[in-house]
Each structure stands twice: as C-alpha cells, then as structure tokens.
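Peer 1: Chains as they are written, first to last, in numbering that gives the first Met the number 0: chain A, 0 to 344; chain B, 0 to 344; chain C, 0 to 344; chain D, 0 to 344.
Bear in mind the hints are in silico, worked out from the structure with no lab data behind them. Errors might be hidden in some of the hints.
Note that identical chains are pooled: a pair holds if it fits in a single copy or bridges any two copies.
[Claimed, not checked] Below 20 angstroms or equal to it, Euclidean Cα-Cα: the simulated SDA-like pairs (lysine to any residue) are:
#	residue 1	residue 2
1	K169	K252
2	K252	S206
3	K104	T139
4	K187	Q278
5	K267	F51
None of these values were measured; they are calculated from a predicted model.
Residues per chain, in single letters:
There are 4 protein chains.
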Amino acid sequence: MLKVAVVGASGYTGVELLRILVGHPEVEICCVTSRQHEGLPINEVFPSLTGFCELVCESLDVDVIAKRVDLVFTALPHKSAMEVVPGFLAAGCKVIDLSADYRLKDRAVYEQWYQTHSSPGLFAEAVYGLPELNADQLHTTRLIANPGCYPTSIILALAPLIEKQLIDPKSLIADSKSGVSGAGRGVKLGSLYCEANEGFKAYGIASHRHTPEIEQELAGLFNSHIRLSFTPHLLPVNRGILSTCYADLLEEKSTEALLELYLERYEKESFIRIMPAGQLPDIAYVRGTNFCDIGLVSDQQTGRVIVVSAIDNLVKGAAGQAVQNMNIMCDFHEALGLGIVPIFP
Amino acid sequence: MLKVAVVGASGYTGVELLRILVGHPEVEICCVTSRQHEGLPINEVFPSLTGFCELVCESLDVDVIAKRVDLVFTALPHKSAMEVVPGFLAAGCKVIDLSADYRLKDRAVYEQWYQTHSSPGLFAEAVYGLPELNADQLHTTRLIANPGCYPTSIILALAPLIEKQLIDPKSLIADSKSGVSGAGRGVKLGSLYCEANEGFKAYGIASHRHTPEIEQELAGLFNSHIRLSFTPHLLPVNRGILSTCYADLLEEKSTEALLELYLERYEKESFIRIMPAGQLPDIAYVRGTNFCDIGLVSDQQTGRVIVVSAIDNLVKGAAGQAVQNMNIMCDFHEALGLGIVPIFP
Amino acid sequence: MLKVAVVGASGYTGVELLRILVGHPEVEICCVTSRQHEGLPINEVFPSLTGFCELVCESLDVDVIAKRVDLVFTALPHKSAMEVVPGFLAAGCKVIDLSADYRLKDRAVYEQWYQTHSSPGLFAEAVYGLPELNADQLHTTRLIANPGCYPTSIILALAPLIEKQLIDPKSLIADSKSGVSGAGRGVKLGSLYCEANEGFKAYGIASHRHTPEIEQELAGLFNSHIRLSFTPHLLPVNRGILSTCYADLLEEKSTEALLELYLERYEKESFIRIMPAGQLPDIAYVRGTNFCDIGLVSDQQTGRVIVVSAIDNLVKGAAGQAVQNMNIMCDFHEALGLGIVPIFP
Amino acid sequence: MLKVAVVGASGYTGVELLRILVGHPEVEICCVTSRQHEGLPINEVFPSLTGFCELVCESLDVDVIAKRVDLVFTALPHKSAMEVVPGFLAAGCKVIDLSADYRLKDRAVYEQWYQTHSSPGLFAEAVYGLPELNADQLHTTRLIANPGCYPTSIILALAPLIEKQLIDPKSLIADSKSGVSGAGRGVKLGSLYCEANEGFKAYGIASHRHTPEIEQELAGLFNSHIRLSFTPHLLPVNRGILSTCYADLLEEKSTEALLELYLERYEKESFIRIMPAGQLPDIAYVRGTNFCDIGLVSDQQTGRVIVVSAIDNLVKGAAGQAVQNMNIMCDFHEALGLGIVPIFP
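In isolation and in its complexed conformation, chain A is listed as follows (with noise of 0.2 angstroms):
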C-alpha cells in the first residue's frame, strides 16, 4: 500500500481527495493536516466522511511527516505550497502540488503574477500533470505540478485543434464559467451564499493568473506564439466548469470531421468523452467525476469552430487530476480508484 499524506486537507481539494482515496485499494491515507483544525477529527470538520476516514488534523511539520509517508498531495495555497515542497522532496517523498507554485517553466513569468519563487531549481523536473499530454513524463518525476481548474478545461478543449494547426493561434477565446467551489473554503465576502446565488458575472477579465499557465501549454503543443482572451465567469452552482471556446478554422472542416479528429486524438484516454454531433457537454453530467466532456460545432457562417468542455473542477479540475497523476507516477492503472459514476441529477 502506498502511504500518503494530504497537506490541507481542510479546504474543498482536501475534502475531495480524501473523498477518493478512501475508496483507492492501493492507498493508504496516513496523515492529514489542517492549520486551523488541528487536533480536530476531520470528520468533525468534514461530517461526509464520518466511517471513511477520522483521522486527526495534524499541524504541517515536513521531518515528522514525511517519515511516515511515500507521497505527499500539497493541497496549500500558492507560496504556502513552495514552503514545504523543497522539504519533501529532500526526505524522498514524491510530491503532487495542487497549488500553482511549480506550474510555469519561467520564473519572470511566475513572478509577475504571483511573487517571488524561493525554489525555482526544482522548475526544470517538475512536470505539469496533464495526463492526456504528458503521460510519459509523468511516470518518472518525483514532483508533478497538478495543472489548475480553468486551464485543464480549456487545454483539452483546444488540443486536438492546436495539434494538427488547424485554428489561428491569435483567434483564441475562452469563455469559462466555473462553480463557486473554485474559490475555496476560505471565508470571505464574495463566497457568501447570498452574494453568488441568483448572481452571475464576469472577473479578472484579461488578468486571471491561469491565463499564462493556459498559454504556457497551448504554445508547446504549436511551437508557435498563442494569443488568447480569457474570462472566467462565477456559476452559482457548488462544482462544475464548462469553457465556450472560439477559434478561426484555418481551412472549412465539417463538424463531423472534427469530431472525428477528436475520438482519435483521446480514443486511448479513459476520461475524456466526446459528445456525437448535435450534443453538447453539461457539467450536470460529470459531477463528482475525473471526466472532461467534450462537443464542438463548426460553424461555417462565421468559419469558426466552437468547443465546448465540461469538467467538475474539484475532480478533472483538481482532486481526481492528482489521483490520475498519482496512479501514473506510482504504476497503478490510471484509473484506479476513479471509477466514479456521476451523480444525476
């Protein structure tokens, strides 16, 4: 059994991978940590999981911890994450980061939209875990950088497209909605239930800080600069992200035709679903699930195509990526443990 950790385990990450680690026959959970619960059974915080796990909080000591423990799932905020990191990795454990502290390849980068990095060293090994993209590497790192939300739904949404060069890289446009459950658990203002709900708006327009991470990727795959609009939207619902995304068609390509370049782009990945012509994603039916759903339109009037993504941001979007990449790193099947049918309605 594989012996892990989960560092802040108190947020909504948290909760969700201990959700789907109680449940994965080839882990064994030893250690949770919480801050401001410590001493507290985590099912106390958490009453879902009453009879699945109660353990008790621990405060975040890196030496005593990371004795006890193969693999570490840093569910921290950025700059909290990079603390700790360094450390586990130096005492041999693995590491999955679910923060954005390891995600960007270049440091000015990082640092002009979030601060500065005290581990930029370990830029070069860590890998961003995609798992549709980066499979191979994955199996060899010590350190995996779990992408964020936004990006992992829009990434694969354009993929295929990017790929083969068949969209303009400057046409790019994301129109991403995301459930309130991506902005944390933390307590503050613009969370609160009467503040969200019956509401809905746009932010950070043209300055949401996953937009780098998103470019950072989208260029690798087209060895070629990428310009690309993205606005996150809140959705007053607990879970789920769906990405409109808009792209110049380089050359007329049928509806059909691009469906079928997009089975055969993912036909090998368990947790990619393409919607037949006609149909299109809804994130009511991926909840609680490690899938990204997939359905795209060609619309020749404009000679655009549209590519719809829905993914559950606290499973594909986070939680269910770092168990996905966790089975890949550690040679289970990739998809232990995920089997999870979604819950509908």
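Given chain A, work out where chains B, C and D should sit, using these hints.
Peer 2: Here is chains B, C and D on its own, set in the frame of chain A:
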C-alpha cells in the same frame, strides 16, 4: 452474477438504480425499459451514464424480460407497478417494487388513499423493505415493497423511541422537507425550475399518501394506535430529505441518554450514523449515499424530544435502499456496492 | 420631508432599508454609516443602488448625525445598538432599532440570552414594533424595537388562535425555515455558498435567541405561560421565512371556521393576506414585499391545527416592518412607500 | 388613463407585465387573457398578485377585447401572435408584440428561421422597439415589435462600438447566459428544476433564432454585413442575462477611452448604467428592473475589447422594455412606472 432488469429506467429513480448497479460486483444489468424512450440507448437519455451503461431501452414485455433475468426492480408509478409485478413473480423472478403498491397491509386503506388494487392477494407475502426493522423477513421473500422516501426518514428517526415506549404515541409530528427530485421526472408545472427555485412551501398537509404507510409501520412497533401529523415541504435542492420530528417524552430523558439509546439500537446497522450531542444532520452530508444521519435534542423546557434525520431521497429513500434490500434478499453483504462516499460540497 | 439616517447601512438589512426608503415620498435619506466602508459611496458597496442612493458612508458619530436627522434606523448587531440608541434619543431623535436590544421586557431574560445590558431603563418605553398587535402604542413612542424575523412570522401565524384561547398554550411548535440572508452579510463559514447550497439543516434547537421574544409576545396575548418548541432551519434561498406551526385545538373547528376567524382578525391589516382553503403560502409569493401570507389546515384526525406563514425575512422580517413602524410613528399612512408588488419568479 | 389588455397573461412575461403595470399611474389594466386558465382569477394563477390584480382570465376574442382597450400587449409565442395582431390593429388598437413575429424586416429570413408568415405586409410599419436605438420611430407607430431578450443585451453592449466603426464587423462573438425563465412557463423536460439546477450548458450554437435579429440591427448601425458567433447558455437562476461580447479593435483604445465613449452615447438614457473602470456587471444588480448595466475591458495583449452587459431578461429583456415602449408610444415619460429599485440580495 445476478441478472437484473430495471423497469422504468428513464425516471430519476431509474437512473439512480443504474448509477449504483453498474458498480455492483455481483450484478449484471441485462435489461432497461422505458416506454417513452424505447429504442434509444439509456446513455442518450442520461449522458451521465456514457461509458457505464449503454443498453438500449426496451418496451415492457413481462414474458420476454422474465426469461432473461433473476430479479426485477420496478421503478414505475403506483398502479403501473401492480400491472406487471404478478407476472414477474409468476415467471419466477424476484421483485423489488419501488412504488407504493405493495407497502400497505390493509387493502381498504390502500384503496382509500390510492385506487382499486388488482392483486391484493400478494399483500401477505410482500415484505416492507426497511432493513433496519425487517431484515429477517427480507431474506426469505420473493417480493419486497421498497419504502417511500418520507416514511424511511421518519420511521428511522422515531423507531428507537417507539420500540422503547418512551414517547406519547398521540403526540407525533413529522415536519419533512424534500428535494425536488422527489416529485419525479414527469413534466409538470410545479416541478419547473422557476416554480421551485427560491421558493419554499408546504403541501398535502394532513393528506399526504405517505401518512398511512408511516402510521402502519410505527403502530406495528408500538402495538398501539399512532397519531401523527405529517407535513411535507418542497425544498429547492435536487436531492435530500430532512425530517424534523417532535414527540412528548413520557419520562424525562437527557439528550445524552437518548443518543446512547440510538447508538445501541443502530449499532449493527451499516447505514445509520448517529450525530454526537451538539451536532445535527445536514442533507449535504449524505448526498449520493445510502446513509441516514440522525441527531436529536431533548428539550427539558417543553418535555419534548426533537429528532432530526437526513437521507438522500433517491438513495436511502429509493434506489439505494432497493439495492440494500436486493443484497439481503440474495444473501450478499448488505452493504455491497453501496460504499459510496458522500459528495461534499 | 422626514430626515432619516440608516446606521449600519452595509449589511443586508441596511441595503434593504435603502431600497425601500429611496422610493418613500415623505423621507429624505440624509446619512448612511458603515465602519467598514467609511468614505466609500454606498453604491460602490451595493451597485444595485446606483442612480438611487449614492451617499458616502460615514463613521458612526452620534452627535454629528443626530443634528442632521429626525429619525434613526439602527441596523446594527445587538450590543452595538445599545451603545448608540440612548445617545440618539437624548439628542431628540426618534429611533427604530432593528437589533434585539430593546425587544425583551425583562432584563434578566435579556441578560440570560444575550449579555449585560447598559440601558435597561429604556425597556419600559420601548414598544415592540409589530403593528398588527401594537399599533396604538407605536403612534406615541420615540423608541421602537423592531421584531425579529422568526418572531414576526410565528406571532402573526398564531395570534388569532391565542387571542381567542382556541389552542392549548403548552402544545405550540414552530418549525421555521429561513433563507441565508437571515444570517447577515458577515463573512463566516456557515454562510458560504458551498456550505448552504444544496444543503438543509436545523440549528439552535431549543436554544435559539428568538425563543424568549416569541414567548413574551404570545404570553402577553394569552395572559398565561406558553410552552413553545421553536426549531429554525437554514434554507438555501436568498430570502424568505416559512413557519409551520402546530397547536392542539381545545375544541373542534373546521378549516373554514378558522380561516373565517383569521380573515376577521386581520381584516384591516394592509400586509396580511389569508390564503383561501386548499391553498398554502409560498415564500416565492411574498418576495421583496412586506406581506405576511397565512394559510392553515385543521386536521380532524389529530385534533391539531397547522398554520403556515410566509414572509420575506428582509422586509416584513426587518426593513419593511421598520418602515411600516416609521409610518405609524410619524403619522403617515401605514403602507406608504411599501406598495411593492412581489417579484415572481 | 390608458386602457390596456395583456394577452397571454399566464406566462412569465405576462405576470411580469402585470407586476409592472399595476403600479403604472397612467394605465388601467382592463383585460387579461389565458386559454389555459379561462375563468380563473389571475391571482389564483399567480398568488403573488393578490391585492394588486384579481381580474378573471378571459379567452382571446379579438373583437370583444379591442372594443374595451386602447393598447394590447401580446405576450404569446411566435405564430400565435401573428394570428391576432392584425385584428387588433384593424380595430384601432395600438399593439406591442412581445413575440418574434414582427422583429425581422426580411420575410425570407423570417420564414427561414420560423415558419410561413401570414401578415408580412405589416413588416414595413412595425418598429423594432429598442428605445436606445429607435426612440424617434416609436413615437409615431401603432405596432412595436418588442426585441428579444438576448438581442437587447447584445445590441446595447455593442452599439457604441459599431456606430463609431471601432471594431472589425467580422470578429463579433457574443457568449450569452440566460436564466431559466427565458424558456417560458411551458412544461418541458429541460425546464425542470432537477435538469437545470446545478447544471450549465450551451445550446443552439450557431443556430439560435435570435441570431438574425441581432445581425439585422447591428448591420443597420454599421451599414455593412456583420459576422456574429452567438452562443446562448442556460444559467441556473430565475432571472437575468449576462452577455460577454468580444470584438477586435480596429485601432488601439484604452478601457478608459472606451468607457468615455459609452458614457457619452448613453448619457440621456434612463436605463443604461455604465460601470466605472475595474467594475463589471452582475445580473444580481439589475434584478427586477429595466436597467442594462454595461462594463468593458480593452485587452492590449490581444487587441480585443470585451464588453459585458447584464439585464433582467423578464424586464429589460421583455416586459419592462414593453412598458418603456408603451410610454414612448403614448407620450408618457419614458421611465414612468419603471422606477423600480433592484432587489439585492
């Protein structure tokens, strides 16, 4: 492998049965029926099921189906169920009926609340499928009447007090609140999004059809007549029932003493979780699972006990309990295939 | 024009007072205060107000404000209110206090449920501002204690039965459900979107601070002690309280006879709407308005009457009732500025 | 007093017309029609209206109604509208038609997207009722085609840029999200609570019937062909449309410069609110009102401008705009009866 059919698969109870059964290690789903969607793969009706169950919906032909399966789940409206259940039994199938047609023991009561019954001869052998009360009988029957969602939540909340005769049987009040999926997937005005969302109302006060079912089962525990006020409300959530039950204590008992009683009574039950003193259930903590969470307070000021129970109306209130009943009926472990972790948030 | 100040304008009760008062033909809003947003225009705090009220938030300086206004609405938490109310009164202002600080008549009871009170000398002259009960006293006072939201819904539901002594005063149960805005705009975990959405729970069973307030007012009507079980629940909607009240009838009365009694009792009231037999209130039908809708059923089986009332907790449960009180206090027509049509859906 | 009829009063647009008109000082509602609820008081259909409008629903007899009223609001589905509009006009009534039947100027386009038209002779005199564009013509017509909800939000968002020819007319993208009331009150599967709640999806990509309407009006402003990608989405809220519009700037313009342009263009408009730089609209801030809030960002990285507009689809997107049109048509002040303050939260 047990071969099963899900009759009436295109409702919310149907898709929930499929969600659970596709992961059950001893079950093979051989047939799904839907009058409305005959000829359509069930995953076009519910894209959530893509990759898990892609059977084509059949029409409901008892003879044809009975030959191919060992057990039938009838997820039909009352009246429709009684039209096919006798045929399946006659053909040698076991039946778990999720309608109200075989829950009541007294034909006159059934016909007062519903309509004429065409096979009252089966009442004697039908077992009311609440395993926490009737597990013994469930092992040996061929026909299980799966309880209603409201009755499940109320009976489990009150049973320990009634069995011990600690409360006045004429003082019972159950104030219940159910998510909208309890109304089914039929298209009717009251189930529209804009009619239910941001709204809340009581309905069917002192006249809901689940009343005689609750009274029958509670009276059986008490060996006495029961006087219950049951008020259902429509709650703007997809899933969940919370029942707040009130009863006059016949003698003073502390919250702690009563919780002790509940812990003992339900000690061996896989799906009952008793909340510690000071904590109360939330439907969010049982979402997607077969749990019934129970909390209570003894109010010394008024001499009343207030018991609160939470279930997922589609799981413990319908499909999950049906699978639990199937497990018992077929000598599998009671919890097989039901080890789902609640999804929160 | 009556010059008014809204003290504590940046909470949900504050913005609701402003929403109503900007359209009041006899009122000029001269001052809004907010500690947190001092110096900011109130329409930057609440962009909904742009074009209606763009006053700059001030700090709470009693002397400065008292000179500029005739009447003050204190929309502060309890304890904060008592720190400023005596000053406003001493400076000659009328005060409508929306906190709990002047609702209870018995200092010991107040201090048992809240904390030490610094101006209990004002209890004698403070009038409990439920106009349907106390309109006479409201004309002549300078200090109105605006009722709590739950008490408003429960007292209005039960008053006609209690005044006529038709029910057993020891049998009262109020099972209430409130929208999340009832918890205010303070940032706390339980008010987060993901904690409340798709959830439902009871809280504060047999221990909620509104209990003594309800008991005080109902006991006053009955000239006797009252025994009430009050159970509040958190409802995933922005606005609305629905209270389902149970009482044992002392003599048999039909639904029709009881409705007749309610129609007579509330005949002259602008804001009480009695539902015809067979219909029940829904919070959706009072949204944004000062109405209290009431429906009831007499259950001959159990000898109980079940009364259901619906209000908008921010209007009849807070700001609207405060304006109604102001109207009476200042000899305007009781309904002036409150002729808002419910917004449905 | 202007005597009006609301034809098709039992839909969401109908009840919204009544909500607004009951408070209009120059209007007397003389007639409401509903095929489905003929003979029933409208406040039994919508209890929210009790005390405000209790007219009995009539059947739709053009001759009978036309004699009693000066102006008719037809809140019917397309096709049903064209069956009665010519009759009302012939009988001397003014008509404001809320359907799509008289919005398009080109019969061939209408018949391509809808069906055969029976009175295309009226196209020439029908005025497209977007007062911010066409106020002059609205004064003198007897037939106003009230705009669609999506087109209202998109045209108002883009008009200033298009009139000044600042953007590439082939680069337009409108990614719109609408609350469920936009689908009407008809009972259909997709409008059920459990189908829409906690879900989100795009629909009608590159094929929605509002596309030609938007293109017609924008092309009119530009004197050129327009190429628009329009993607509607179903948003789990009762009310509100948010449109996120993308266009390539033909020359570099700062956010501030563009906002200045919008402020000037809409300076005299009662219902357009331009958000200051750094702020963006939220549907929650226009709820229940006739406002269109607009914010924008000029993205120097991509050379695009992103304009976001928010309306209440039932008010500025339907009933409120219809009343605004009535006001202009009848020489009342444009904003009469529409001074509703947004309800937040």
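Peer 1: For every hint, state whether the structure bears it out.
Peer 2: To see whether the hints hold, each was checked on the structure:
Taking the shortest alpha-carbon separations for K169 and K252, both the intra-copy value of 19 angstroms and the inter-copy value of 19 angstroms come in at or below 20 angstroms. When the C-alpha separation of K252 and S206 is checked against a cutoff of 20 angstroms, the pair qualifies only between copies, where the shortest distance is 17 angstroms, while the shortest distance within a copy is 32 angstroms. Within a single copy, K104 and T139 get their C-alpha atoms as close as 18 angstroms, which meets the 20 angstroms cut-off; across copies the closest is 64 angstroms, which misses it. Taking identical chains as interchangeable, the C-alpha atoms of K187 and Q278 lie at most 20 angstroms apart only when they sit on different chains, with a minimum of 18 angstroms there against 37 angstroms within one chain.
Taking CA atoms no more than 20 angstroms apart as the test, K267 paired with F51 passes between copies only; the shortest distance there is 16 angstroms, against 32 angstroms inside one copy.
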